[in-house]
Amino acid sequence: MATKTTNQKAWLFVIPVVLLVAFNAVIPLMTVVNYSVQETFGDNVFFWEGVKWFEQVLQSERFHAALGRQLVFTSIILLVEIPLGIAVALTMPRKGPWVSVCLVLMALPLLIPWNVVGSMWNIFALPETGLLGKGLNVLGFDYNFTRQPLAAWFTTILMDVWHWTSLVVLLAYAGLCSIPDAFYQAAKIDGAGRWAIFRFIQLPKMKRVLTIAILLRFMDSFMIYTEPFVLTGGGPGNTTTFLSIDLVKVALGQFDLGPAAAMSLIYFLIVLLVCWVFYTLMMKDEVE
Amino acid sequence: MTLILKDVTLNVGAETHIYPTSVELAEHGFNILLGTTLAGKTTLMQLMAGLVKPTSGEVWFDGKNVTGVPVQKRNVSMVHQQFINYPNMTVFENIASPLRVVGMERSKLQKRVEHIAELLKMTPMLGRKPNELSGGQQQRTALARALVKDADLVLLDEPLANLDFKLREELREELPKMFEHRGCCVVYATTEPMESLLLGGHTASLHEGRITQFGETEKIYRKPADLKSARVFSDPPINTASVSKKGARIVLNDEVSWQIHERYKDLADGPYTLGIRPHHISPVKSTEENVHIEGKILVTELSGSESTIHFDIGDQAWVSQSLGIHPFELGARKSFYIQTDKCLFFDISEQLVAA
Chain A
1 MATKTTNQKA WLFVIPVVLL VAFNAVIPLM TVVNYSVQET FGDNVFFWEG VKWFEQVLQS
61 ERFHAALGRQ LVFTSIILLV EIPLGIAVAL TMPRKGPWVS VCLVLMALPL LIPWNVVGSM
121 WNIFALPETG LLGKGLNVLG FDYNFTRQPL AAWFTTILMD VWHWTSLVVL LAYAGLCSIP
181 DAFYQAAKID GAGRWAIFRF IQLPKMKRVL TIAILLRFMD SFMIYTEPFV LTGGGPGNTT
241 TFLSIDLVKV ALGQFDLGPA AAMSLIYFLI VLLVCWVFYT LMMKDEVE
Chain B
1 MTLILKDVTL NVGAETHIYP TSVELAEHGF NILLGTTLAG KTTLMQLMAG LVKPTSGEVW
61 FDGKNVTGVP VQKRNVSMVH QQFINYPNMT VFENIASPLR VVGMERSKLQ KRVEHIAELL
121 KMTPMLGRKP NELSGGQQQR TALARALVKD ADLVLLDEPL ANLDFKLREE LREELPKMFE
181 HRGCCVVYAT TEPMESLLLG GHTASLHEGR ITQFGETEKI YRKPADLKSA RVFSDPPINT
241 ASVSKKGARI VLNDEVSWQI HERYKDLADG PYTLGIRPHH ISPVKSTEEN VHIEGKILVT
301 ELSGSESTIH FDIGDQAWVS QSLGIHPFEL GARKSFYIQT DKCLFFDISE QLVAA
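Protein chains in written order, with my numbering: chain A, 1 to 288; chain B, 1 to 355.
It is possible that part of the hints are untrue.
Derived contacts from chain A toward chain B, CB cut-off under 10 Å, selection only [said to hold, decoys possible]: (1) L12; (2) A182; (3) Q185; (4) A187; (5) I189; (6) D190; (7) G191; (8) A192; (9) G193; (10) W195; (11) A196; (12) F200; (13) P204; (14) K205; (15) K207.
Cut-off 30 Å, straight-line C-alpha distance, at most; resulting in silico cross-link-like pairs (DSS-like, lysine-lysine) [unchecked claim]: (16) B:K108 <-> A:K188; (17) B:K73 <-> A:K188; (18) B:K6 <-> A:K284; (19) A:K188 <-> B:K6.
Computed Cβ-Cβ distance ranges for the label pairs, DEER-style [said to hold, decoys possible]: (20) B:H28 <-> A:G193: 44 to 50 Å; (21) A:L281 <-> B:E132: 18 to 24 Å; (22) B:I325 <-> A:L103: 54 to 60 Å; (23) B:E132 <-> A:L252: 36 to 42 Å; (24) B:R128 <-> A:V101: 55 to 61 Å.
Bear in mind the hints are in silico, worked out from the structure with no lab data behind them. Virtual Cβ for every residue (Gly too), placed ideally from N, Cα, C.
Just chain B, same shape as in the assembly (with noise of 0.2 Å):
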């Protein structure tokens, strides 16, 4: 079972809020929605739901076009990042109420919510009511009122978002799990790479109202398709420069080129945009291939066993994140080492030519 958007646009008045957008989802494992706030994630969940109906464009499911198919005739459930639950039913009643709207018989009913509430491990709280939980009990209860109906085709949007650190990698770990034996389409929405990164399955990065690029989250990652892609899986922000490469040197500036990597070595002379990841530039020098490059102390963020330098590197700013505690003084002029192996390569239309 699968959802497949055809050419699905939506026009909200003279705005466009999604582009042509063409997808098919993988039908195991997560299929990740990565973008920033407003890329149009949730606008998108909207189409794939029935909530919204596109403006062009076709919505298939499970080898049916349902196009306009209104939500309620659909087998779908979501979870919203704010906490939806019924303010005056009990945590019991929320879960049900899917159930009850199809008509399902008591006994039934019952054994179910129990067997849902167990494995969210919200059965103490069953006789309560959301406003007596805690964000993270509230969360529980509307996953288990999207569980507890086997869906078609689970919306989470940024379910996550709204909870504690804590609660969030608990959640995180358990969410792969509780879909694992189930034959239903997942679609998670989150603005973070690293979360797309742990929950694994496929990726589709949004920038503005498009996809940019849809596959194996790992494999995004590792070969974003374009600047954009890059762009939108990095964070912190991916370092960017232009570039140009002359017989077998890449050239930054005056003072710094260096050898090229021979992993690129079938890249044409001409300009690029060089993208390099944060975590591949360091304080600390690592093989001799690393390449020397000046900058000026902006900012240092020292968390626990990581450092995040921001430094200027003459006419833009670079990040670098390494191990260890580098407490930088601020306009002090500090060496940096990049991996000259790990870089990725950008045509002047922004497409990656070489990573």
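Chain A with its partners taken away, still in its complex shape (with noise of 0.2 Å):
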């Protein structure tokens, strides 16, 4: 057997993203561990505190809300707009010359902004003066988001579903585009009903996609920050403070940057290990 040639310049391939990953992932996230171990007063003076920091984010029931409402709101944003997407996508034509105003009309909301957004849905629910607002309270409800916990997350919600459905319409629509039209023609030899096609051919078809529209809209509705921070500031009270809002308030208001970045390492491996649980559950049965 010939030996091989031992060499290591291909170790400069991989310089680029080695460099890449260090200066947009490793250091940044670097900075934030060593915050989170330390007390500083300003002037590069650091202190060695361990996991305090931790201990006291965990503990704190500040956090404990704010993780409760983050739960909370992103539970009932795959709730509503998962099953909304599927189900627009399903009405969406599949020929003709609808197709290119649908999917314009879908795409649209995507490409607007998150501040934006955010301002739009402010101006659009104001009580007095938004058509949303206004025509609730004509309409003899009793409507302000500003003030009432309830109506603040009907909007933001509302709001979200606006901005993201879209997304899962688009995903779940490629999907159901790519079944060839010969599984329908078998089901309806089979004599399978509309339900059926579905529970049978489309979902498992759409399996993949709708694994990713999960995935995306559970990261993104988690982080969630500009639209609520625009719409509603985090109010009234601390209704809709969620986790990221919580943490610019600990970092940039308070300027506790130790308990801020022990609290973003604890929001990050939050994030990452429920995309991981989610993952592994829903590919367990394609690996076999």
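Given two chains presented individually in distinct reference frames, assemble the corresponding complex, making use of the accompanying hints.
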């Protein structure tokens, strides 16, 4: 057997990636890690604190409350947007001139920047002047999202559904379009009903894209910041203060860099863990 | 039990997909729809099944007019070219699905599925899911689904096209046996003339949305009604040339003419289109009756024991297919021999006049 030549030059090819990852991930992350285990009063003077900030964050009721709100928000978002997205995708035409019209209409909300969406909905929902706010009040609903927690939640969720359901629709639609006609014919021949076609053909065939849709919507809604910040500013009170808004309050409002860094890391690990669990569960069948 | 199409047409928008078609399928053996891609085989099957409603005309089955009766209300099964199975059901559940829909009793269903699985050699795979199977096994599952219910009409739409060669041969042999003792009408679509000959039964040759001819496969091959049918039913393509009959001679061009074979002596004088199948032209002389023709070699395809030679006879290219290896050089002028008793003569309107 010929001996392999050993050659270290191959490492050169890896350097660009190493540098890129180092600068946009590892170094910032390590800075955060650095802050999370120390106390600083400025002037680059640091005191070692160990896991104190982590313990403090994990035990703080404020963090629990924000995490709780975040989980409730994300669950509602997934429960609304995924079925709604699938339903809309199912009603979209598969052929003809309306296809492009529908696709463009669907893509529109996705093109609008987050802060614009927040401002738009803020104006739209104002109880005295906004179309939605005024309209609801005229119809007899006592609606004021700047004062009522329930109304604030309702508006925030409605805004996110408006902004992001399209993403689920487009992904689900792509999944549906990839199903050959022969599948529907076969189902028709078997005498399968509408529900059976959905359950046994469309849903399994959409599984991959839906996995992606759920992951994306989970990550995005779990890390949501700009839209609720612009719309409600986390209020009324703390009722729409989600994790990211709380984090910014701690880091920039109170300038508690240590606890904020610890919170960031915990936040990051939660997102990573949940995504991993999701992905593993949903891909279980595929790998066999 | 048989299926009859009466002047069935199908227009989609301004396009005509099926021109008026009338055919009465044979009760026994396979009914083969032979035609190139886009000839309308699948569309015709969809019309037969009731998946698509004809624009005009009637579909009769077993003495009843079933035009417009949707497929769910008829006892039809179909196998497609792609392997169509329910992705998240096991093979057992897939095969059982048509029986579940009609609500068959558990023990009876179990027995039936197992019997069909045995027949298709799928017993060890019953617990698996379609994406864990090979292409051949997936198609067997689809075939099993079609066989498990006692359908009156079974439509097989190029079921073997996506399988590898060996599996195709194997299944091609098994398929007619599976349907032998069932009282159902079987329709089988294919693009390959060879497949049609191997399966036997009856053949309908399809060309651009029309059935050009229907009858016993063998007869259609021997006596294609017109040039189109002959073209559909020949692979490699049938050789054609304009010839004229003058007295007792067939004249191809200034250099080539021959004494007409006595089989065709009743042919009137005049212009004809000559059709001659590739395996009736050979680079080797077999009898004294052979007509000699010269051609410039264009392509030579050697496949094991056969040579397919494309050559230029002046104004067009012809193909010769013969036993033996003839590694001719490109561009060389070589001699070929036509079997003059195997000619097809078509008149100016492309109808067969002598074969």
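The hints, checked one at a time:
{"no.": "1", "hint": "L12", "result": "41 Å, violated"}
{"no.": "2", "hint": "A182", "result": "4 Å, holds"}
{"no.": "3", "hint": "Q185", "result": "6 Å, holds"}
{"no.": "4", "hint": "A187", "result": "8 Å, holds"}
{"no.": "5", "hint": "I189", "result": "5 Å, holds"}
{"no.": "6", "hint": "D190", "result": "5 Å, holds"}
{"no.": "7", "hint": "G191", "result": "4 Å, holds"}
{"no.": "8", "hint": "A192", "result": "7 Å, holds"}
{"no.": "9", "hint": "G193", "result": "9 Å, holds"}
{"no.": "10", "hint": "W195", "result": "13 Å, violated"}
{"no.": "11", "hint": "A196", "result": "8 Å, holds"}
{"no.": "12", "hint": "F200", "result": "5 Å, holds"}
{"no.": "13", "hint": "P204", "result": "4 Å, holds"}
{"no.": "14", "hint": "K205", "result": "6 Å, holds"}
{"no.": "15", "hint": "K207", "result": "8 Å, holds"}
{"no.": "16", "hint": "B:K108 <-> A:K188", "result": "24 Å, holds"}
{"no.": "17", "hint": "B:K73 <-> A:K188", "result": "10 Å, holds"}
{"no.": "18", "hint": "B:K6 <-> A:K284", "result": "53 Å, violated"}
{"no.": "19", "hint": "A:K188 <-> B:K6", "result": "24 Å, holds"}
{"no.": "20", "hint": "B:H28 <-> A:G193: 44 to 50 Å", "result": "35 Å, violated"}
{"no.": "21", "hint": "A:L281 <-> B:E132: 18 to 24 Å", "result": "19 Å, holds"}
{"no.": "22", "hint": "B:I325 <-> A:L103: 54 to 60 Å", "result": "57 Å, holds"}
{"no.": "23", "hint": "B:E132 <-> A:L252: 36 to 42 Å", "result": "53 Å, violated"}
{"no.": "24", "hint": "B:R128 <-> A:V101: 55 to 61 Å", "result": "43 Å, violated"}
In this structure, the hints that do not hold are numbers 1, 10, 18, 20, 23, 24, in rising order.
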